[in-house]
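Participant: Use these hints to put chain Z onto chain G, whose structure you have.
Residue numbers (my numbering), protein chains in the order written: chain G, 151 to 381; chain Z, 910 to 992.
Incorrect hints may have been included.
Stated by the list, open to error - Cross-link-like lysine-lysine pairs, in silico, DSS-like; alpha carbons within 25 Å at most:
1. Lys285(G) x Lys192(G)
2. Lys302(G) x Lys918(Z)
3. Lys922(Z) x Lys945(Z)
4. Lys261(G) x Lys918(Z)
5. Lys261(G) x Lys974(Z)
In case anyone wonders, no lab produced these hints; they're calculated from the structure. Keep in mind the model is a prediction, meaning the values are calculated, not measured.
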Amino acid sequence: MKPKFGVVVFPGSNCDHDAYFAVKKILGYQSEFLWHKEKDLKGSDVVILPGGFSYGDYLRTGAIARFSPIMESVYKFAGSGGVVIGICNGFQILLELGLLPGVMMKNESLKFVCKDVYLRVEHNNNIFTKSVHQKVLKIPIAHGDGNYFADKNTLKELEANKQVLFRYVSPEGNIANEFNPNGSLNNIAGIINKKKNVMGLMPHPERCCDPILGDTDGALLFKSVAENYLS
Amino acid sequence: MYKATVIVKRRPKILDPEGKAVEQGAKLLGFNNVKKTRIGKYIEFFVETNDKTVAEKEVREYSEKLLSNPIMEDFEFTLEEVK
Chain G
151 MKPKFGVVVF PGSNCDHDAY FAVKKILGYQ SEFLWHKEKD LKGSDVVILP GGFSYGDYLR
211 TGAIARFSPI MESVYKFAGS GGVVIGICNG FQILLELGLL PGVMMKNESL KFVCKDVYLR
271 VEHNNNIFTK SVHQKVLKIP IAHGDGNYFA DKNTLKELEA NKQVLFRYVS PEGNIANEFN
331 PNGSLNNIAG IINKKKNVMG LMPHPERCCD PILGDTDGAL LFKSVAENYL S
Chain Z
910 MYKATVIVKR RPKILDPEGK AVEQGAKLLG FNNVKKTRIG KYIEFFVETN DKTVAEKEVR
970 EYSEKLLSNP IMEDFEFTLE EVK
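Extracted from the complex, chain G is given alone in its bound form:
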């Protein structure tokens, strides 16, 4: 059975249409927009919190969006095992909501970084990467606040529980500071929760799904979710 994707739209979301287009028009799954003021997830099997600048990034990224009415439903949905994907600003919202641990700080360079990066897939112990057989993915980033931080104990726990899903690496898959675009601890680009049903990542898989645009590594993640979401 094909899953239905729900794409949440906040004031200031700007990757909502990209995500919708990627899953619906390119990959052929059902997809629907979910307005942030509503509470109904409209029968979604997978909820995507898209990138953008919800509420203008005022106060802190994701700080206000996390209190939108729809997020109450998303929180409950995730609690009962529902699949949630937070991309870029969506990841920041998941951190503020507490569905994922840690916080995003301003990029160490202070610059907004927009470029392709290489990600090493660290684990395949979850639905998001179970069917991803490539070790290194090429996916673009576009953010000013992607510098992942968590206290020592949280970081240790994340690593021990195999929750660090993606790291910034060289094209060959080697970790080094020069491939870390934002100063993230341990080159972290994406993580999952303990129950492995919530994923947050700074890179934008929805921007590299269409063969006409060149790279299609992003599609691997959505396909993996679609193939494994029932398991």
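Facilitator: Coordinates of chain Z only, in the frame set by chain G:
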């Protein structure tokens, strides 16, 4: 009614790239004695109650839940009675 003033600061050990960048500007202007610039947030608002305990509780909760992120920030606040 009370007027609340909240100051949110990054924790001392948390890197403050904005502070660092601003301090570079200070150096360019010749303020060579300026050290350890840190940037935070200043937030002010009114709390409509005459009970100081209620006002304090509300400001504290507002600061904890929304105005600051306890993972990387600390906050402090003052209350001033306004007639």
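Participant: Is the straight-line distance between the alpha-carbon of Lys922(Z) and that of Lys945(Z) 25 Å or less?
Facilitator: Holds: Lys922(Z) and Lys945(Z) sit about 12 Å apart, inside 25 Å.
Participant: Straight-line Cα separation of Lys285(G) and Lys192(G) no greater than 25 Å?
Facilitator: It is violated: about 35 Å lies between the C-alpha atoms, which goes past 25 Å.
Participant: Lys261(G) and Lys974(Z) were given as a pair; does the straight-line alpha-carbon distance stay at or below 25 Å?
Facilitator: With a Cα-Cα distance of about 28 Å, the restraint between Lys261(G) and Lys974(Z) is violated, given a limit of 25 Å.
Participant: Quick one, are Lys302(G) and Lys918(Z) close enough, alpha carbons at most 25 Å?
Facilitator: 20 Å, holds
Participant: Holds or violated: Lys261(G) with Lys918(Z), Cα cutoff 25 Å?
Facilitator: Answer holds: Lys261(G) to Lys918(Z) is near 21 Å, not above 25 Å.
In summary, the numbered hints that this structure violates are 1, 5.
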